[in-house]
Amino acid sequence: MTFVLEAVGVRHGDAVILDGISVTLRSGHCTAIAGPSGAGKSTLLRLLNRMLEPTSGRVLLDGTPLPALDVLALRRRVGLVAQQPTLLTGTVLDDLRVGRPGLTEDEARSLLAEIGLPPAFAERPTAGLSGGEAQRVCLARTLALRPEVLLLDEPTSALDRASAEAIEQVVKDLRAAGGTAVLVSHDTAQARRLADDVIVLRAGRLAEHGPPDEVAYLRTATS
Amino acid sequence: MTHEVHVPSWPGVVASLALVAVALGIVARARLRISRELVVAAVRAGVQLIAVGALLLAIFKYAGLPGAFAWAAVMVVIAGQVAGRRGSGVPRSRVAATAGLAAGGGTTLLALVLLDVIPAQARVVVPVAGMIIGGSMQAAGLALRRVRDAVTSGRAAIEARLSLGLTAREAFAPHTRDALHTALLPVVDSTKVVGLITLPGAMTGLILGGVDPLTAIRYQIVVMYMLLAAAAISAYVTTRLAEAALFDEAHRLRC
Chain D
1 MTFVLEAVGV RHGDAVILDG ISVTLRSGHC TAIAGPSGAG KSTLLRLLNR MLEPTSGRVL
61 LDGTPLPALD VLALRRRVGL VAQQPTLLTG TVLDDLRVGR PGLTEDEARS LLAEIGLPPA
121 FAERPTAGLS GGEAQRVCLA RTLALRPEVL LLDEPTSALD RASAEAIEQV VKDLRAAGGT
181 AVLVSHDTAQ ARRLADDVIV LRAGRLAEHG PPDEVAYLRT ATS
Chain L
224 MTHEVHVPSW PGVVASLALV AVALGIVARA RLRISRELVV AAVRAGVQLI AVGALLLAIF
284 KYAGLPGAFA WAAVMVVIAG QVAGRRGSGV PRSRVAATAG LAAGGGTTLL ALVLLDVIPA
344 QARVVVPVAG MIIGGSMQAA GLALRRVRDA VTSGRAAIEA RLSLGLTARE AFAPHTRDAL
404 HTALLPVVDS TKVVGLITLP GAMTGLILGG VDPLTAIRYQ IVVMYMLLAA AAISAYVTTR
464 LAEAALFDEA HRLRC
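First to last, the sequence lines map onto chains D and L. Mapping of the first sequence onto this note's numbering: position 73 corresponds to residue 73, and the numbering continues sequentially without gaps. Quick note: to get this note's numbering, add 223 to the position in the second sequence (first position is 1).
So that you can see chain D by itself, here it is in the shape it has in the complex (with noise of 0.2 angstroms):
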């Protein structure tokens, strides 16, 4: 699953959010989008499972351009979880099946093993949940389609230190089965950690694109 941005750009009204992104995001690695607030990171996310149409340039993936494939498939494969969780139903179980209404109790214990969450925790009602417990159960409602291609919004940012590590563990063993994944991030030690490419934006353009330890907006930003 290799994304290819190909002169993307991106309007709103007259301002310009994105402006001739040219980039590959290549599959099986984990590309970390970086760079200060308002460049533009979260909307080049979005386009990634077309919850966003560029208004000039184009998006491929594996050579296809994302409009000749069918949207709904597109977005199983490319599951997009959003900065603030949002949970849709009463319990964490009913939540997990909204994207996947046959998903058993069995398979929802597992799921919330990979999160780090006791099995019990499928009965809970989601009203209850804190920040963290609500962002893990989101990245396990999108995980329980099996997406070949992980799209992370600032997964943790604000969260507690368990749900962040329980959250870069998903990432981690992702990368290892051979997927994935894209990740915006202001945690610059974060990118680091699972970042095997980064992307750095400044105003909607692109800035710097390289392995983690040769990006100097690493070096400099701080956290």
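Hints are computed from structural coordinates only; laboratory data are not their basis. In this text, all values refer to a predicted model and were calculated from it rather than measured experimentally. The C-beta atom is built at its ideal place from N, Cα and C for all residues, glycine as well. Among the hints, a few may not be true.
Said to hold, decoys possible - Label-pair distances were calculated between CB atoms; the ranges are:
1. K415/L with A127/D: 29 to 35 angstroms
2. G13/D with V266/L: 45 to 51 angstroms
3. D62/D with L408/L: 47 to 53 angstroms
Starting from the known structure of chain D, fit chain L onto it as the hints suggest.
For chain L alone, coordinates are given in the frame of chain D:
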């Protein structure tokens, strides 16, 4: 059974102006500063009703049944604008409301005429259409308002569902249910308490006209049932069209 309908004569109407003078006196004495407004309202009511009366007379006399349906179509367009405004922010909300009212009003009215529940006469079709479209307008307006609120307060949840590969319709389904629920509550409630809390218009009119109450309620029962059907159809079609306009072909919110 024939009735001698007793309605006020024109001198009687003029005499009732004395009652407006009483209201004016109270307003002036209490220094409410709405004397002018009250006079305008009273004059306006008279002029408006005379105009409508003349129009209805013309329709009944010269335009017949086609004229009655044409007038119903005009009502649908006006009510569609009013209900559509409740969904401002939802793309093409006025089109959705107008189409919903046309579907709900048209189906109900035609069913009543074809089943011979009401006679196919202009003097019957016009007021019945007015009741149907008025009730449906409220339902369609409420539905659109809920749809609009769903886009603002429910955006994160809708996008979360879409990101899980759900279709636009599936992702919006909880909001569709909520919009229909909200739209139909008032008409269900008023159907429950009809006759107990309110003596509704059709029944009141017939009783005033000298029809005996047990006959008058037959009309009212039909009115309540047709209002239920018309409101349900109108709200459903309006919500579905609004929902379709909210999403593009790639299952994304347009606005």
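Each hint, compared with the structure:
no., hint, in the structure
1, K415/L with A127/D: 29 to 35 angstroms, "32 angstroms, holds"
2, G13/D with V266/L: 45 to 51 angstroms, "48 angstroms, holds"
3, D62/D with L408/L: 47 to 53 angstroms, "51 angstroms, holds"
This entry satisfies every hint, going by the numbered hints stated previously.
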